[in-house]
Each structure stands twice: as C-alpha cells, then as structure tokens.
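Single-letter residue listing:
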Amino acid sequence: MLGFINALPGAVSQGLIWGIMAIGVYLTYKILDVADLTVDGSICTGGAVFVVLFTGGVPMPLAMLAAFGIGLLAGLVTGLLHTFCGIPAILAGILTQLGLYSVNMAIMGMKATVAINVTNPDLLDQLLVSLRFVQDVAKGTRPFWRHPIFVVGLFTVVVIAALYWFFGTELGASLRATGSNQNMARAQGINTSFTTVLGLMLSNGMVALSGALLAQYTSASEINMGRGAIVIGLAAVIIGEVLFGKVFRNFSLKLLAVSIGAIIYYIVLQAVLALGLNPNYLKLLSAVIVAIFLSVPYWKGKYFGKSLKKGAGSHA
Amino acid sequence: MLEVQDIYKTFNPGTVNEKRALNGVSVTLNDGDFVTVIGGNGAGKSTLLNAIAGVWPVDRGAILIDGQNVTRLPEHKRAKFIGRVFQDPMMGTAASMQIEENLALAARRGESRTLRAGITKAERETYRELLKILDLGLEDRLTSKVGLLSGGQRQALTLLMATLKKPKLLLLDEHTAALDPKTAAKVLDTTEKIVQRDRLTTLMITHNMRDAIAHGNRLIMMYEGRVAIDVSGEEKRKLTVEDLLAKFGQVSGSDEANDKLLLS
Numbered sequence: 001m002l003g004f005i006n007a008l009p010g011a012v013s014q015g016l017i018w019g020i021m022a023i024g025v026y027l028t029y030k031i032l033d034v035a036d037l038t039v040d041g042s043i044c045t046g047g048a049v050f051v052v053l054f055t056g057g058v059p060m061p062l063a064m065l066a067a068f069g070i071g072l073l074a075g076l077v078t079g080l081l082h083t084f085c086g087i088p089a090i091l092a093g094i095l096t097q098l099g100l101y102s103v104n105m106a107i108m109g110m111k112a113t114v115a116i117n118v119t120n121p122d123l124l125d126q127l128l129v130s131l132r133f134v135q136d137v138a139k140g141t142r143p144f145w146r147h148p149i150f151v152v153g154l155f156t157v158v159v160i161a162a163l164y165w166f167f168g169t170e171l172g173a174s175l176r177a178t179g180s181n182q183n184m185a186r187a188q189g190i191n192t193s194f195t196t197v198l199g200l201m202l203s204n205g206m207v208a209l210s211g212a213l214l215a216q217y218t219s220a221s222e223i224n225m226g227r228g229a230i231v232i233g234l235a236a237v238i239i240g241e242v243l244f245g246k247v248f249r250n251f252s253l254k255l256l257a258v259s260i261g262a263i264i265y266y267i268v269l270q271a272v273l274a275l276g277l278n279p280n281y282l283k284l285l286s287a288v289i290v291a292i293f294l295s296v297p298y299w300k301g302k303y304f305g306k307s308l309k310k311g312a313g314s315h316a
Numbered sequence: 317m318l319e320v321q322d323i324y325k326t327f328n329p330g331t332v333n334e335k336r337a338l339n340g341v342s343v344t345l346n347d348g349d350f351v352t353v354i355g356g357n358g359a360g361k362s363t364l365l366n367a368i369a370g371v372w373p374v375d376r377g378a379i380l381i382d383g384q385n386v387t388r389l390p391e392h393k394r395a396k397f398i399g400r401v402f403q404d405p406m407m408g409t410a411a412s413m414q415i416e417e418n419l420a421l422a423a424r425r426g427e428s429r430t431l432r433a434g435i436t437k438a439e440r441e442t443y444r445e446l447l448k449i450l451d452l453g454l455e456d457r458l459t460s461k462v463g464l465l466s467g468g469q470r471q472a473l474t475l476l477m478a479t480l481k482k483p484k485l486l487l488l489d490e491h492t493a494a495l496d497p498k499t500a501a502k503v504l505d506t507t508e509k510i511v512q513r514d515r516l517t518t519l520m521i522t523h524n525m526r527d528a529i530a531h532g533n534r535l536i537m538m539y540e541g542r543v544a545i546d547v548s549g550e551e552k553r554k555l556t557v558e559d560l561l562a563k564f565g566q567v568s569g570s571d572e573a574n575d576k577l578l579l580s
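Residue numbers (my numbering), protein chains in the order written: chain A, 1 to 316; chain B, 317 to 580.
Treat each hint with caution, since some may be false.
Said to hold, decoys possible - Restricting the straight-line Cα-Cα distance to at most 35 angstroms, the calculated cross-link-like pairs of lysine-lysine (DSBU-like) are:
id: 1; chain 1: B; residue 1: Lys-437; chain 2: B; residue 2: Lys-502
id: 2; chain 1: A; residue 1: Lys-30; chain 2: B; residue 2: Lys-482
id: 3; chain 1: B; residue 1: Lys-563; chain 2: A; residue 2: Lys-30
id: 4; chain 1: B; residue 1: Lys-461; chain 2: A; residue 2: Lys-246
id: 5; chain 1: B; residue 1: Lys-482; chain 2: B; residue 2: Lys-437
id: 6; chain 1: A; residue 1: Lys-30; chain 2: B; residue 2: Lys-481
id: 7; chain 1: A; residue 1: Lys-139; chain 2: B; residue 2: Lys-481
id: 8; chain 1: A; residue 1: Lys-30; chain 2: B; residue 2: Lys-461
id: 9; chain 1: B; residue 1: Lys-461; chain 2: B; residue 2: Lys-482
id: 10; chain 1: B; residue 1: Lys-448; chain 2: A; residue 2: Lys-246
id: 11; chain 1: B; residue 1: Lys-554; chain 2: B; residue 2: Lys-461
id: 12; chain 1: A; residue 1: Lys-246; chain 2: B; residue 2: Lys-437
id: 13; chain 1: A; residue 1: Lys-30; chain 2: B; residue 2: Lys-509
id: 14; chain 1: B; residue 1: Lys-396; chain 2: A; residue 2: Lys-300
id: 15; chain 1: B; residue 1: Lys-554; chain 2: B; residue 2: Lys-437
id: 16; chain 1: B; residue 1: Lys-502; chain 2: B; residue 2: Lys-484
id: 17; chain 1: A; residue 1: Lys-302; chain 2: B; residue 2: Lys-437
To be verified - Coverage of chain A stretches by chain B, computed from C-beta distances (three or more under 8 angstroms per stretch; other residues unrestricted):
id: 18; segment: 175-182
id: 19; segment: 189-198
FYI, nobody ran anything at the bench for these hints, they're computed from the structure.
Backbone N, C-alpha and C define an ideal beta-carbon position, used for all residues, glycine too.
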C-alpha cells in the first residue's frame, strides 16, 4: 500500500504526459472520426528525434519543436496515403506505423535505445521533465514548480487552450464539420481531403510532442516505447468520456477529461502492479479494458435502444 | 445560368451491375428559372443533380455555371456556386455541431477558411433573424446541437444554409420526400418563399407530380437518362396531371409506365 502511495506522483506525472498523446488521439478518433494507428510509431519518432537532437547539443525547446514537426510529417504521410492514395484510414496508419519502425531505428543510429545522460547535472537541469525531478522535489533539493505534475499540468493547460482557440476558428470548424458529416462539409465548399490531412498532422504532432516529454521523463527513447500507445490513448478518451461525459459539455473540458482519463488509467495500472500483477500482463489488461469500454455503448444501443438518440452526442 | 451539355454517366462500367444513368442530357436554365424535375425511379434525376454538383466526374459532356466551365472542378470548389438540399435530412447538416455553427459554416461557403473566428457576435444576431423565416422556433435554440432536431427541422435548416450565401444555383433533391405530409408542405412553402425572395435559379426534383406542376416556371421530365419532356411558360401554367401522363405515354410508348411513374 505504501509502495502504491509512493508511486502516485510518478503515476500522475506519467498519466499527464500520456494525456497529451491521448488528446492527439481524441482529435482523430472523436473529432475527425478516423481511427489513426500511426500513433504507435509517431510517439517513438517524437522521442527519438528529441533525444538525438538534445544529446547532440540542440537546446531543449528547439528539440521539442523538432519533435512536434516530425509528428506533423508522420501525420502528413498517413493523411496522403489515406486521401491522395485512397487507402482506408486504418490501413494507412498501420503502413506508416510499420515504416516508422525503420525510420525510428535510423534516427537512433540503428540502436534500440538512446539515453540522455542524466547523471550530468547540467544536462538534467535543461530537461523540462524527468522522473528524477519527482524524487528531487520530494527530497526538497528542487523547487516544487519543477515537479512534472506542475510542469506537464501547465503544458496540458496551454495545449488545451491552443486547441480550444483553433477549433473555434473557421479552419477548425471546417475540420469538425469534416468529422461530423463529409457530405455536408463538401457541399459547404470544404476540401475534406485537406482537413483530414490537417487533422492527422495535428494529432500526430501532439503525439510526437508527448513522445518527447516521455523520453525526457524516462531519460531515454526506446524503439518499443510506442507499442500499444493507441490503446492507451483510446482508454484515456473512453475513461474521460464515461466519467465526465455528462458533466463536461464545453470543448476545453472534454479535452481536460481526456487528460484526466489518462491519469486515472495510470493510477489504475499502478494499483494493479501494487497488487502484484506481472508487468508483462499490462498490455493484455489494457486491451481487455478498452474492449469492454468500447463494447458498452454497442450493447447499450442494442438492448436499451431508446436511451440512445441517433446522431446526437456520438461525436465531440 | 446553368448549361448542361450532352452529359453521359455510366456506373460500374464493364460489370454485371453496369448502369447507364445519364444518356446525353442537355438542359439550359436561364437566370431565375425555377425548374421542377420529375421521372420514375432510375430515370436519372438524382444522377443529374449529383453530376451538376460534382459528386463524381461525368464520362462525357460539359457543365457550365454562369458561363464558367465547371466540368473538371471538384465538388468542394463547385460549392462556391451551388446550394444543395439532399433527400436524406441527415446529409445536409453536421449533427454534432450547433445550429449557429452549421449556419456559420454555410455562410463561408466558397470562401477560404482561415484562422479568423469561426462565428462572430454580429453573425449570431443575423442568424437569429434569418431562422424566424422557418417559423420553427429555432431562433431561440442557436446553440442546440443539430442532432437533436427532427428531420423536418433539419431539412428546413439545410434549406436556409443552402441559401444563406446566395447561390448561383439551388439544387433540391427530393428534399421533402422523407418528411411527413404536413412538414413536407411547410418546407416546400419555405422553399417557395426563399426562392421567390432571392430570385434563385433552382432545380428541384420531386416525386410528386402535383408539386411539380404547382411550383416553378418550368417542368422537366426525365426518362432513361435523358430529358424527355420540357414544358415552360403558359403551357406549364395550364398543365394538369392528366396532360403530363399523356405526354409521358407518348415518350415511353406505353400506358403501363404511367402507373409506374405515378406510384414511384
């Protein structure tokens, strides 16, 4: 029990970082109505680019920006495969994800792991977040505002604010319209191919950014860090929706719910680990949880049909 | 305003499902024409509208709107000229977005979408006024999700959206067919009101011969992917259902088709 409580700040921090990725997943899965599997690859690409640049002497903010940029690029590839080449979105995402494995290896110089040397205090100080900061703040050797919960929390607020603004603009609204009804969008003169690609880019940009944060937090980028990421993202989206869907109506609150969903997911994971589950079963557990939550609305609709109104509330 | 020049369209060519939907359609609409289109199932009415709207490219022929050749323009670019209302009430609006957001999207039809605000305060007031013409009480529900509206309300809203930014051409694809008779009459009434007010060049498909006769200044009947009958002016005004049936009998060369047409 004590171990679980001690692990809580770490779990919340990690949940917040994955929450950024989950918000990216929300953009495609909920707003654009596309299941994008690029995520599993692009999160690692973001981490890899960050670590390689950062350890190569590039300042942290620039390396973060580069990670975001590479994510945009990954989304662009999936987007073009989908719209320009007519490949179904799921398959387009799988293809990009597969290709990214090689790309990620190449970025990391054909090594499965590239670490940031956090024993060097100067290097450590430059990082935005680190697992070590959790311990340092607890020991009192670092100010509270360097705590990952505080830093990533603030980061999340900024991201949500930016997305809230964007989806209120003409361009953002056209993206939402595309996800809601492509026929309508085209009839209103919206180039749905363009908006779909844009949405995929934005989403993967967020995912890569989350990868960069994750790599800092664990002080390494690792080729398998993204395996199952899409499932974690979906879990966060669904947990957030199930718990807060009725209360959070505003768009920014819905994004917040996703972030909280990710935190809850990580707390639950910690709890399960504290109960003595072999960590190797975590992926199976995640898959089962998401499968259950995804099937609930279906069964509800099938057997309690009246409570579900077609077309209402099925999207963001 | 609209020139359709000898267009052809065959679906699934070379397969067992091959369907020659448009077989050399030519029709020209003058500025302010309100043309009703009738015809049996598979006559090519909806196909003609979709060809004009650019849902897919035609096999042959040309389409000109206001003198500009749009044959090669994709759907979203033609939207600049065209307002559309579909048969399916679900198709014309974004269910997960608010009434005012849907209107704001329609107000920007044909314009490039930038990072300016998606909807402004001034717009909201305009929409509140405009929604009154529908007489459905929607002016008090600007922020309601469109998914909560009934089929009739959604269709009326789609009509308003299609005409919010005055289109060069209004395409109505059996837009009252999925509604109950009372709602259908109301939507049709609103259609007439808006078309008259803005003097819109309109192409309206209907399966109801009486509606086709009662509305517009010109009537077209399609048969086997072609325009079979084209009546306008004085002749259109005096037209009766019996006249129409007789004319159709001449075109199709049989009396059985009459029942098919009436029932469809």
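Each hint tested on the structure:
no., hint, verdict
1, Lys-437(B) <-> Lys-502(B), "30 angstroms, holds"
2, Lys-30(A) <-> Lys-482(B), "33 angstroms, holds"
3, Lys-563(B) <-> Lys-30(A), "53 angstroms, violated"
4, Lys-461(B) <-> Lys-246(A), "15 angstroms, holds"
5, Lys-482(B) <-> Lys-437(B), "21 angstroms, holds"
6, Lys-30(A) <-> Lys-481(B), "30 angstroms, holds"
7, Lys-139(A) <-> Lys-481(B), "64 angstroms, violated"
8, Lys-30(A) <-> Lys-461(B), "16 angstroms, holds"
9, Lys-461(B) <-> Lys-482(B), "25 angstroms, holds"
10, Lys-448(B) <-> Lys-246(A), "31 angstroms, holds"
11, Lys-554(B) <-> Lys-461(B), "44 angstroms, violated"
12, Lys-246(A) <-> Lys-437(B), "28 angstroms, holds"
13, Lys-30(A) <-> Lys-509(B), "38 angstroms, violated"
14, Lys-396(B) <-> Lys-300(A), "42 angstroms, violated"
15, Lys-554(B) <-> Lys-437(B), "48 angstroms, violated"
16, Lys-502(B) <-> Lys-484(B), "24 angstroms, holds"
17, Lys-302(A) <-> Lys-437(B), "42 angstroms, violated"
18, 175-182, "holds (count 5)"
19, 189-198, "holds (count 4)"
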